[in-house]
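Undergrad: Here is what each chain is made of, one letter per residue.
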Amino acid sequence: MALLEIKDLHAGVEGIPILKGINLTIDPGEVHAVMGPNGSGKSTLSNVLAGHEAYKVTRGEILFGGKDLQELAAHERACAGLFLAFQYPVEIPGISNMYFLKAAVNAVREYRGEEPLDAMDFIELVEAKKSVMKIRDELLARAVNSGFSGGEKKRNEIFQMAMLEPTLGILDETDSGLDIDALKIVADGVNALRSPDRGFLVITHYQRLLDYIIPDHVHVMVHGRIVKSGGKELALELEDEGYASWNGEEGL
Amino acid sequence: MKTDNDKTFQDLNDTEYKYGFVTDIESDSLPPGLNEDIVRAISSRKKEPEWLTEWRLKAYRHWITMTEPTWSNVHYPKIDYQALSYYSAPKQKGDGPKTLDEVDPELLETYEKLGIPLREQEALAGVVAVDAVFDSVSVATTFKGKLEELGIIFCSFSEAVHSHPDLVKQYLGTVVPYKDNYFATLNSAVFSDGSFCYVPPGVRCPMELSTYFRINAANTGQFERTLLIADEGAYVSYLEGCTAPQRDENQLHAAVVELVALDNAQIKYSTVQNWYPGDKDGKGGIYNFVTKRGHCRGHHSKISWTQVETGSAVTWKYPSCILKGDYSVGEFYSVAVTNHMQQADTGSKMIHIGKNTSSTIVSKGISAGRSQNSYRGMVKVLETAENARNFSQCDSMLMGGSCGAHTFPYIDVGNPTAQVEHEATTTKIGEDQIFYCNQRGLETEEAVNLIVNGFCKEVFRELPMEFAVEAQKLLGISLEGSVG
Chain A
1 MALLEIKDLH
11 AGVEGIPILK
21 GINLTIDPGE
31 VHAVMGPNGS
41 GKSTLSNVLA
51 GHEAYKVTRG
61 EILFGGKDLQ
71 ELAAHERACA
81 GLFLAFQYPV
91 EIPGISNMYF
101 LKAAVNAVRE
111 YRGEEPLDAM
121 DFIELVEAKK
131 SVMKIRDELL
141 ARAVNSGFSG
151 GEKKRNEIFQ
161 MAMLEPTLGI
171 LDETDSGLDI
181 DALKIVADGV
191 NALRSPDRGF
201 LVITHYQRLL
211 DYIIPDHVHV
221 MVHGRIVKSG
231 GKELALELED
241 EGYASWNGEE
251 GL
Chain B
1001 MKTDNDKTFQ
1011 DLNDTEYKYG
1021 FVTDIESDSL
1031 PPGLNEDIVR
1041 AISSRKKEPE
1051 WLTEWRLKAY
1061 RHWITMTEPT
1071 WSNVHYPKID
1081 YQALSYYSAP
1091 KQKGDGPKTL
1101 DEVDPELLET
1111 YEKLGIPLRE
1121 QEALAGVVAV
1131 DAVFDSVSVA
1141 TTFKGKLEEL
1151 GIIFCSFSEA
1161 VHSHPDLVKQ
1171 YLGTVVPYKD
1181 NYFATLNSAV
1191 FSDGSFCYVP
1201 PGVRCPMELS
1211 TYFRINAANT
1221 GQFERTLLIA
1231 DEGAYVSYLE
1241 GCTAPQRDEN
1251 QLHAAVVELV
1261 ALDNAQIKYS
1271 TVQNWYPGDK
1281 DGKGGIYNFV
1291 TKRGHCRGHH
1301 SKISWTQVET
1311 GSAVTWKYPS
1321 CILKGDYSVG
1331 EFYSVAVTNH
1341 MQQADTGSKM
1351 IHIGKNTSST
1361 IVSKGISAGR
1371 SQNSYRGMVK
1381 VLETAENARN
1391 FSQCDSMLMG
1401 GSCGAHTFPY
1411 IDVGNPTAQV
1421 EHEATTTKIG
1431 EDQIFYCNQR
1441 GLETEEAVNL
1451 IVNGFCKEVF
1461 RELPMEFAVE
1471 AQKLLGISLE
1481 GSVG
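Just so you know, the protein sequences line up as chains A and B, in that order.
Per our numbering, the first sequence starts with residue 1, numbered consecutively.
Per our numbering, the second sequence starts with residue 1001, numbered consecutively.
So here's chain B without its partners, still in its complex pose (with noise of 0.2 Å):
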């Protein structure tokens, strides 16, 4: 039967990522390759101490002994690391901006286009403070000062070693280590700049915190490092989201982001990701594979991992948490779309270490057009881990016929005392659904995403309010067309 539905599975092609133009704005880049001399140039533009330089150094040359893991259910053609600039900043007069007039008004217009007027922000006082880094340099830090009378650091995090370097040289590196991943790896070597966020001890951070990430020179590899630090008793919750220009040329993107949490203390740490997924025949996009690990360091801390994909060409990523500290608590919420020719392999790892630690992964996966979409998860309980709990729950959502979903669940337990559940579900998104919806006089992209929002609620509401909104436009943005 050959209905409408199926006219407009295809017709999903139609919608084009609405965020691609590129800013013209000089960049001041490193001739491309890596090498030695490269992981030097970098650290010495950013004036960087000696012992961070050692530790890029140690990483480049463990870097080479490594090989490219191919184990996750991606395919994309070989990267040539020797043809990659490993870094671009956008040049600046003198020591860069201090207030937001001082900023490049072309970049500023480019964060208009995307629709994160950082003057507004500015204006609407106390909503979000916004690291905002543009390629690999921030250009402006806002609510700073108010964050500072609290005691908290929330800066990029090439000030932060400076400014810092004592709590840096402290955390950095001690949740992904440098020898962790052959892209963590790669990072530590080359990372170019990022967020640094450290909570002092009891206090609670009154905002939500939140950078955009901007990938804009072409050809340039963007390594983001962040470290995110909640001393004993404090909270935070962080806010990632991400656009990115249309490219032609695939671009790399291997950030890691770093999360400790001391006793009694909360991280929230939320991601919207949009970057540029490739036209609809898989050309360009964006690779990302991207390190994220919490450390759940003392007890009775928590760590809740949520995260909203939409894009990239390739996604590599597994958000995790190592529960070391007793009656410590890890979370991951996730609602990964893919169309076209998108491929993701997503999902977390829960590592119980602790007695009484409980760990809760709720994974949602929506596939269209001809893309695939993995869920790939591990739950670990050493020995060690008396009464450790974990729920596991992975949904599938399929549009069309040409899509694929996949689940990869691992689960190793060591102690008999723990409990483990794996929940899994497939649906297709239902004729009937939407036929019900069309009767009670809504259109079927209306309907479609009606449904899928629905589908998604569960981790929607772990958002932050005006995230979720984001999001829910974001996935309706992804799906348009999808079904008829």
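If we strip away everything but chain A, and leave its shape as in the complex, we get (with noise of 0.2 Å):
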């Protein structure tokens, strides 16, 4: 069974169409990238899937794992295993990174009907992730987000997801912001959870993050659209003839 399967999706916000016939079905094991230039409509992909109120689905269908997706509110979805890695990180003051995730990983396991992961199993937990993405201590004390640096906030998403252990990653543009070494890092710790039963879908605009994480399948959005897909020298041609063939007006 697939992991996931967009069948013919249109949405928008606020009533603007912004998806206009998306089909893409993921199975486990693979890494899908969606490329495309900005306003396509990548990000509010992601936000659909996440569950986002503000976006809402005028037609089509999303399974995930064969469950209808749009039955399940956005915590359900991430308990489900999905999990986003978000572009721009939410800072939440007062609330410690560590408290955070134990929130999380304990709502995450309640809602697979297992026990709460106590102070001491937690932190060995954490012991045994944070060194691929390379979290300091100091790193988990502060505040949500709180003064990060752009690279940390993303360092930490994809920390999260170590310690969420999703099935499907969805990594919203992780790659922009981060300079050479940040970008390594964060693909490190993408390579080193892909297993045969999670899957991934890697928004970005840039081919450069697709050199590191390299994906079974390229798709090009445009307008909404998915225009092309193939493997992943796709994603190398785009990076030399640009988004321009397929958008018209819009160059890269």
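To be clear, the hints were calculated from the coordinates, so they are not data collected in a lab.
Since the structure is predicted, the reported quantities are computational estimates derived from the model, not experimental observations.
Just so it is clear, CB atoms sit at the ideal spot from N, CA and C, and this is done for glycine as well.
Heads up, some of the hints might be wrong.
Derived lysine to any residue pairs resembling SDA-like cross-links, with alpha carbons at most 20 Å apart [to be verified]:
#, chain 1, residue 1, chain 2, residue 2
1, B, Lys-1473, A, Ala-103
2, A, Lys-102, A, Lys-130
3, B, Lys-1428, A, Val-90
4, B, Lys-1457, A, Ala-141
5, B, Lys-1428, A, Glu-53
Here are the in silico distance ranges between beta carbons for each label pair [as the list claims (entries may be wrong)]:
#, chain 1, residue 1, chain 2, residue 2, range
6, B, Lys-1280, A, Lys-232, 55 to 61 Å
7, B, Thr-1425, A, Ser-149, 22 to 28 Å
8, B, Lys-1428, A, Lys-7, 36 to 42 Å
9, A, Leu-117, B, Glu-1458, 26 to 32 Å
10, A, Ser-149, B, Gln-1393, 23 to 29 Å
Fit the two chains together into the complex; they arrive one by one in their own frames, and the hints show the way.
TA: Here you go:
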């Protein structure tokens, strides 16, 4: 069974249509990259999948592990194994990263009918996961994303993903604003999570990230539609030619 | 855009007060109304000495010359002071209980419902001493023996009047004079009971002292009087927590708290207040007009107020510090939550008199529903207060579009060496923050709790541990359903 199946998806925000018939299937173990120019609807797609209330589906169907995703509230999608690494992670002043993460891990465990982790087990899990993302203890003690650098925020997102062990990881322009070192750390983190039963949807503007996270499939999205799909070589083609040929007016 | 958030902003009103019940205990009340005879009757029922009766009468005679203040940003129907009953005490056989076993079982049950198991507390020896105030008369006092060994006096106010008249006489009304303000003057005339604490020189009180207040008898004004004295080099931490059963009539509550800190003494006074706020349309609920003031009388003394206010229909409360001693320190940490139709006008006053005095004000206001939440604070530096320092921070958080947050800071500096800072922010709880939490598996309610607790963190960390946990829960209950 497919991990994620999007069929003829139409969606918009505040009555403005943005996605105009998306079809996309991700099987377990696959990494799919969606590339496209600004305003093509890439971030809308990730928000719709994650269940942001402002985005309304007007037509089509999304199946996640065979279940109708639209039946689930945002937090239930997260608990069911859908993780979104945000393009702009939000600050929550006064709540430590560690505390937040523990609440999240235990919410997911509770949903799955598992016992919540106690402090000791949780710390053990953190210790096991933090090294790949080069997360320092000091970062765990700080308030969620408060005063984090751009790179720290993105590393923290992938660290959260590692902690929550989703079946589908969506990366929304995780590479934006990262220098090459940070990019490598983030890519290492994602690659470490690749497994036969986990899929990824990597949304990016640039090909650069795909040098480090090698996709199985690449899709080009323009004006709310997937206009071309191919293998990893498609990303390189785009790098050379830009989006102009599909886009008409908008260049890269 | 109509989102589910808007829907649940409205669902706000669905959260009902969880502690609304009435205990069926015969009250020994005086007839409604207020005059010199009633004041005398209160005093005589409590077998008070002549000087105290006279003090009450002086207050009463002054009170009838005063008018109710109207400057605060709260609105409520005019109170008919002649319709209130000014004394109510649970009936007791004989001289009152000496142990918990002698306490009216129904009363104990009330406390159990509120989650204040006195028996358990006694068993958990040494954690918290409770001078439990039910309506107006103290019914049980625990851990007294242990405190006595250290020379600490902790008892009901009435008891102190009899057992330590000199101390009461020496300090009563020296922080909040009987002429102070309309509500404090009324309290001085008719106060029923409250707590008294004296910590002798050099003694550090080994446990958190705690009083649970509860208003029960219908139509009875509640007029507690608390007096706390930390003698030279002493330290005491005092906890006050309140809940009240549901009522249709508005109930007046006008308490007075006086704190005195002598040289090098330190008082930490923490409050969690959860009185009935009225229903979703603002019907019923407690009117809370409180005068709380601390006097840093000695050099290097320190008084800290920490409060978490979630209850009452109308709150009018400004815990203050008079920093008279050189190098004395005053602190005020507050979380005030208003929901439904609640109104709160609260803040602090810091009066700098001594040299090198310093004060801190951290106020967090959270408004939801159709409530109005005002911060009103005064920082006054007198000419004598060389090198005075103040830092004030007032943050407001809004939930939904029908509530209001207001800040009224007054700063009056009379000495050029003073440094006074004021910071204020207003934020709206962010849908982005909630979505971020949702995407990590947290339900919206839990997300709101988390965000609000983060917002209030600077105040919560000033509370004693077990109180902080209680306060966080209370916040959750108060704001249940306020964001979608």
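Undergrad: Kindly indicate which numbered hints from before are broken by the structure, ordering the numbers from low to high.
TA: none
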